[in-house]
Amino acid sequence: MIQDVRLQIREFAAPAAQKLGIGKISDFADVILLSFVFFTTVHNSFSPAVSGVLFPVSYGNAGKRAKNNWNIRVASLVHAILIIFLAGRCLNLPSLDQNRAFGWHEDAGFVIAIATGYFIWDTLESIIHFSDVGFVFHGISCLLIYGLSFTPFVPYYAVRFLFWELSTVFLNIHWFLDKTGKTGSVLQLVNGIVLITTFFCVRCIWGGMMSYDFFVTLSGVDDQILTPYLVIYGGGNVLLQGLNWFWFTKMIVALVKRFQGKPNGHKVVNGKTKI
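full-length UniProt numbering applies: residue 1 is where the sequence shown begins, and numbers increase by one.
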């Protein structure tokens, strides 16, 4: 029965996928839907239930907006850990390496489908509970980039850029330490150093190298792809790299302030951008 439902979802998505020119997305429509439902469930049900038991004071006494930010962080952490593991299994796929622009592999498609479902949730959440326009642009850019990968187009780079999420793990841990009374602690200092190092390495350095390689690949096939793809992928890459450097400088400033003076003298603000 489950298999029949999955096939029906794929068949339902096929006509729209063909019209949009992303035919392979229909083969993973069920995975995308399941991913979206999964992260929505983590956000709305799993996190509130588990967090309320494990952190009855920090979570239980928080306001509505603070709890929502907490639940967002839990969903983000789950996605980061899951997607890093899955993306790591796709780094040595010969079919992707042999054709970095248009190569395809079903394993990569599965990982990209999970990421696409997550970014649908992430984009909607960023719009519904708006806190920063940067997160909205980030969500929309990632959703377009990963959704259009089903053309297929540059899945080789799609799985590699998912390693940016490694820094998300430590970013969320840093945030949770704030909310559980560990602000300014040795544990938070150590995590903060790991966060800054990881963010710089995977997003700024690794991301910069992959972006350069990506633009080299893009320039070699610019006569084979539509202009919207050049705009979305080229512009999206520049936007996301710009956001990485912007957030990196903000994290350094925030971390320095966090450990200057008395820890209890700091103001802790709920929100995605505060660490």
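Among the hints, a few may not be true.
Computed list of lysine-lysine pairs in DSS-like fashion (alpha-carbon distance at most 25 Å, straight line) [said to hold, decoys possible]:
1) LYS67 to LYS19
2) LYS250 to LYS179
3) LYS67 to LYS182
4) LYS19 to LYS64
5) LYS64 to LYS182
6) LYS179 to LYS257
7) LYS19 to LYS182
8) LYS19 to LYS250
9) LYS179 to LYS67
Between beta-carbon pairs, the in silico distance windows are [to be verified]:
10) LYS64 to THR227: 43 to 53 Å
11) VAL190 to PRO228: 41 to 51 Å
12) VAL190 to GLU106: 23 to 33 Å
13) PRO94 to MET209: 32 to 42 Å
The hints are simulated quantities; they were obtained by calculation from the structure and are not laboratory data.
The model shown is predicted, which means the values in this text are computed figures rather than measured ones.
For every residue, glycine included, the Cβ atom is placed at its ideal position computed from N, Cα and C.
Taking the hints in turn, this is what the structure says about them:
no., hint, verdict
1, LYS67 to LYS19, "41 Å, violated"
2, LYS250 to LYS179, "19 Å, holds"
3, LYS67 to LYS182, "18 Å, holds"
4, LYS19 to LYS64, "42 Å, violated"
5, LYS64 to LYS182, "22 Å, holds"
6, LYS179 to LYS257, "17 Å, holds"
7, LYS19 to LYS182, "52 Å, violated"
8, LYS19 to LYS250, "42 Å, violated"
9, LYS179 to LYS67, "10 Å, holds"
10, LYS64 to THR227: 43 to 53 Å, "44 Å, holds"
11, VAL190 to PRO228: 41 to 51 Å, "45 Å, holds"
12, VAL190 to GLU106: 23 to 33 Å, "40 Å, violated"
13, PRO94 to MET209: 32 to 42 Å, "21 Å, violated"
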